[in-house]
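Residues per chain are reported as follows:
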Amino acid sequence: MSSIGLFHYLMVATLMFSIGFVGVLIRKNTLVIYMCLELMLVASTIALVAFSRFNGTMDGNVFVFFILTVAAAEVAVGLAIIVALFRRRQTVQVDELNALKN
Amino acid sequence: MSDIIFHVFAFLTIGSSVAVVINHNAVNSALAFLVGLFGVAGLFVLLDSFLLAVLMILVYAGAVVALFLFIIMLLDMKGGERNAFSKPTAIAGLIGAALLAVCSTSLAKGFNLLPAADAASVIPVGATLRNYADQLFTVYLLPVQVVGFLLLIAMLGVIVLSKKFEGLEDVK
Chain A
7 MSSIGLFHYL MVATLMFSIG FVGVLIRKNT LVIYMCLELM LVASTIALVA FSRFNGTMDG
67 NVFVFFILTV AAAEVAVGLA IIVALFRRRQ TVQVDELNAL KN
Chain B
1383 MSDIIFHVFA FLTIGSSVAV VINHNAVNSA LAFLVGLFGV AGLFVLLDSF LLAVLMILVY
1443 AGAVVALFLF IIMLLDMKGG ERNAFSKPTA IAGLIGAALL AVCSTSLAKG FNLLPAADAA
1503 SVIPVGATLR NYADQLFTVY LLPVQVVGFL LLIAMLGVIV LSKKFEGLED VK
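One line per chain: the protein sequences are A and B, in this order. First residue of the first sequence? That's 7 in our numbering, and the numbers climb one at a time after it. First residue of the second sequence? That's 1383 in our numbering, and the numbers climb one at a time after it.
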């Protein structure tokens, strides 16, 4: 019998989510911020699959399905926005993108 | 045995997540993200969700990370970042640490309230493809259609965003 339970998977998901959250806050490169957002999404999928597995239900697994689809669409649109931004401003560093300041 | 495998995949996932955040080069971050996704796929296999593990590799590692790497190469940024550590960074680190502390303590406290779930006594419903098809084409039929429409909208949006617009002056 395995001693690994729901708690361990949720702990991994929590850690990963927190790391992604800190990454979003401290990084200056828009692309890396975006990658950290994806990290947070993936962390939530771990929690969903773990809940599904330990409760014997199908809903969490199906929800991860939809999360994957939405994440793929989101990445395509987000990266297109970043490319458009880079074309216009020649930078992707968030501290230089301050046109709305002042 | 499966405990050891769980720890290997868990450390792989967490370690590469940390590497994504602390690496100064965006390409290294993307590759660390790729390694982390393999760790997550391993965790999914341990949770008997084989289809989701394969989809994770296909969609995330195959499409998303490839797209990230492609954009990083396309934009050709100058290596690292200036001004890596500042006052906002320290505040952000504190907020993140607080979030982690609150989440883990509430998880540890509230966990005893849940009935003790043991994976061996629960049937792994996510293991078979038949269950996914059954759910997707009955209960979740409308969401499937909506998501398909969303993908179409995203495709159109990307085409519009990638077009060059004439006559727009830059905001400086």
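Check before you lean on any hint, since a few could be wrong.
Unchecked claim - Derived pair list, reagent style BS3-like, types lysine-lysine, alpha-carbon separation capped at 27 Å: (1) B/K1469 / A/K34; (2) B/K1469 / A/K107; (3) A/K34 / A/K107.
By construction, these hints were calculated from the structure, which means they are not laboratory data.
Evaluation of the provided hints:
no.	hint	result
1	B/K1469 / A/K34	13 Å, holds
2	B/K1469 / A/K107	19 Å, holds
3	A/K34 / A/K107	17 Å, holds
In the structure shown, no violation is registered for any of the earlier numbered hints.
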